[in-house]
Amino acid sequence: MKVMLLFPPNWTPSMPHLALPTLAAFLRRHGVEVIQRDLNAEVFDEILTRRYMERAVARLRDRYGPRADHPPNRRPLPPRERVVWALREGPRLAQAVQRAKQMIRSGAFFDGPVSLRAFETVIQCLEIASLPYYPASLHLQSYISARPVDSSVALLAAVRDADHNIFLDLFRRGILEDIKREQPDVVGISIPSMPQMLAGMTLGYLIKEAGLDCHVTVGGPHITMLREQLPKVPALFELFDSAVVFDGEVPLLQLVEAVTAGADLSVVPNLIYWDGDRVRLNERKPQEKIQALPMPDFDGLPLDRYLAPEVVLPLLTARGCYYGKCAFCNVGYGEPEAFSQLRAEQLAGQMLALHEKYGVRHIFLSDEAITPRNLRGLAPLLEARGSPVHWGGCLRFEKVISAELLQAIARGGCSMILFGLESASQQVIQFMVKGTELEHMSRILRESSAAGIWNHTFFFFGFPGETLEQAQETVNFLYAHKPYINSAALGTFLMERDSPAFRFPSAYNVKRIIDDPEKDLAIYFDYEVESGLSPEMADLIMERFTDTLPDRRYPQFYANDVYRFLYACYLREQGETLPAWLAPNDVMV
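Read in order, the letters of the sequence shown are residues 69 to 657 in the numbering used here.
Calculated from the structure, these hints are not laboratory results.
For glycine and all other residues, C-beta sits at the position ideal for the given N, C-alpha and C.
All the given hints hold, so there is nothing to weed out.
Okay, the calculated beta carbon distance ranges per label pair: (1) G279 - P203: 27 to 35 Å; (2) Q494 - Q170: 44 to 52 Å; (3) T616 - E149: 23 to 31 Å.
Construct all of the structure, not just a fragment, from the sequences and the given hints.
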């Protein structure tokens, strides 16, 4: 039995995602041969080469002429000045791009001016690489498709659209040939997020177009959120044979066994599949407890090809969220969820095993929220071993998070905490069923900062019913805690499929959710509120607040969680003061 697991672009190219290593470990434990390929890392590595960039410039020159004055007869077209810029600067950037990539992967990353120039080169190269496929656009953090991927009609057209789909050429010249050579029984494509939908479906399309003799299955959180929509669009099964929903270890193993034995797929749990003339949905079975799963297996992933100065590996301490009540969150995807967590001894053992096996010094705990119990148990275990790894992860503002506990986890290697602040209006906090209190939010920010831990907060404007005055309370809180917050991610409320606010809108001040029939694969929805800020006003407040934020001297350190985490660890090792998010300058010069 041979399986090839594929992780498509676009996810942050600075750290592996846990999907493939978790599945690979489970399948390998049961004797399945697994090839895992992080195409996200591979695609960025391929694009950011002199060869690819020169080819992109040549493609622009052929399409638009040497002076960009002979555009092709198609619409839409990019602004002519951007094409002129690309033709002029492209050759220089092509020569500089591999050096820039090396800088980001080296200790030079922490030299502010040097790495800023490297990031500027990378960003400009990605723009040039995207221009032949305009209006599609590839960024370090996202991919914007030329066609909407939340419409099945548009998606089915996009996977075939060579003029606007950058992945067709990349995959045909790369992974498709590898699949032909390896001849796996099953190809599994993980699609955790919407920006990966086009690339993931393009992989399926190319495999089917080539007539390869393998079963193509898709899975991941984004597919799970679409579990009720997929059977309504049988045309999508032209791109894949089946979809695994919810956690995939046992279903994928049973699928591989059934495919290789030529058995009936009706026995495979959590499976949606095409059965010759119609789509079938199999029974859902409970997920595996995390304690029963092997440690994620990163063997075979290109750990030297991620865009980061040091390898950062993710781990989970638990499955699900131990709180699981927030009205804006779709954890569990609208169905009852059984929370399970590793014991602190198991977690410490995995962290130390990764350190020993891969030499990794940085581990990012990717949980919804780490439990206070695991924090209390983990800290002394790691401190007793000399705190060989830096680690960070998400915490809730719980009353039981004390100054003593925060100091203990700092001694045990914790360098960054990500807090879901969401709002600093107690009324809004209660209405969204967040379960936190301003008193403890304030205290924990101060005490974690005093322990030397980088504080990152998430917050948003526009939860249904929130007023302008309540939004101002959040702004006031942030400024009142300016010395204690090192970075933040802000946005506006999103009406996400399967969240309590989506399932019970009238309970959360929502007049109606707008269901656009053309967006039959939507996971985000427009909506109208009974009172309070409209979505448009929330967007305006966010934009106005963003405009007031001080410029960062070195914004590359804040580009994503991995870079913030590595920056925080570096400053801590150097004994530097951590910067304040709302202060005008960084620490480093």
